[in-house]
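Engineer: Sequence:
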Amino acid sequence: MCMSSNCLMASLILSTLLWILTVDAVVASGCMEVERNALLMFKAGLVDPRNLLSSWEGEDCCKWRGVVCSNITDHHLHLSMNNFSGNSIPTCLGSFKNLRYLNLSNLYFGGTIPPQIGNLSKLSYLDLSFDSTFSGITLRVDDILWLTRLSSLKYLDLSGVNLNTSIGWLHAVNMLPSLKVLHLSSCSLPGISTSLSHVNLTTLNVLDLGNNLINSTLPTWLRNLTSVTYLDLSSNEFHGIIYDEFLHSSTLTVLFLGYNGFKGMNPKALSYLCNLTTLDLSRIGFGAEIMEWGEMLPQCMHNNL
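Here the sequence shown stands for residues -25 to -1, 1 to 280, numbered as in mature numbering (1 follows the signal peptide of the UniProt record, and there is no 0).
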């Protein structure tokens, strides 16, 4: 049982941030008493100088600000205004093994993300993204191998989480065969493997590795991501030639390559990107010939850009 204060916080967070409930007549009738009491306990533990939760009174918690109830989907509570002031994410989160959706983004937790989150094997959505620009708080992962146990994940956002010691991050991500969306921007990634013996990420639609200062040539495994529509590799230190096969994608609609150190590319390879709607080559590392590419772009791209 969870007896510590951290575990109590975990219970409250799970009781309020996400309701995994059996859909029945009780849910359809409105707010359940156990839900309302948990929300009131959570409110009592918050500092709310702007009285943002003033609507949290009365019997029907489904009418409270930020609370969404449905007899079809899960119950959610959106509390993005809260600030946990650097408190650690409670390890007891790992005991809620039926959890499918967990969003703790920008709640200003600090310290190390507990590996017990890897016990949530049914998770399909995990958002621990964090913006530390003005807070001075750091959220980090010491050993990312716990991620490999989340084989049902479809959405993962760790943007802003410090991963600079997670050398095996790519191996861990490659163990998630159902992943569709991956955001790892501003994570201080320690590097990137340029090749993989086997690529599991064939269902990936969104890949965001921007702003990591990755010093590498373009990984060859990128050409195996046959379902990607959004790709952001900007603000890194990628260098060398942009190989033709990298651009042989008929699915890409958004491509960010700016602020890198590339040496060149074959503009004719752009002819494969007929579905592209956004292309950013700002300060890509070479520029004199880019201005001459306009006439070489295929007509299909002109119709979208």
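Hints are computed from structural coordinates only; laboratory data are not their basis.
If you're wondering where the values come from, they're calculated on a predicted model, not measured in any experiment.
Worth double-checking, as some hints may not be accurate.
[Claimed, not checked] Dumping the calculated DSSO-like pairs for lysine-lysine here, alpha-carbon to alpha-carbon at most 27 Å: (1) LYS129 - LYS38; (2) LYS129 - LYS18; (3) LYS72 - LYS18.
[Said to hold, decoys possible] Pairwise CB distance ranges, derived in the manner of DEER restraints: (4) THR192 - HIS146: 14 to 24 Å; (5) GLN91 - CYS249: 42 to 52 Å; (6) THR192 - ASP118: 23 to 33 Å; (7) GLY33 - ASN199: 17 to 27 Å; (8) THR87 - LYS38: 29 to 39 Å; (9) HIS173 - SER107: 30 to 40 Å.
Ideal placement from N, C-alpha and C gives every residue a C-beta, glycine not left out.
Engineer: Work down the list of hints and note, for each, if the structure agrees.
Structural biologist: A quick look at each hint next to the structure:
{"no.": "1", "hint": "LYS129 - LYS38", "verdict": "violated (30 Å)"}
{"no.": "2", "hint": "LYS129 - LYS18", "verdict": "violated (31 Å)"}
{"no.": "3", "hint": "LYS72 - LYS18", "verdict": "holds (25 Å)"}
{"no.": "4", "hint": "THR192 - HIS146: 14 to 24 Å", "verdict": "holds (19 Å)"}
{"no.": "5", "hint": "GLN91 - CYS249: 42 to 52 Å", "verdict": "holds (46 Å)"}
{"no.": "6", "hint": "THR192 - ASP118: 23 to 33 Å", "verdict": "holds (27 Å)"}
{"no.": "7", "hint": "GLY33 - ASN199: 17 to 27 Å", "verdict": "violated (54 Å)"}
{"no.": "8", "hint": "THR87 - LYS38: 29 to 39 Å", "verdict": "holds (38 Å)"}
{"no.": "9", "hint": "HIS173 - SER107: 30 to 40 Å", "verdict": "holds (35 Å)"}
When the structure is compared with the earlier hints, violations turn up for hints 1, 2 and 7 and for no others.
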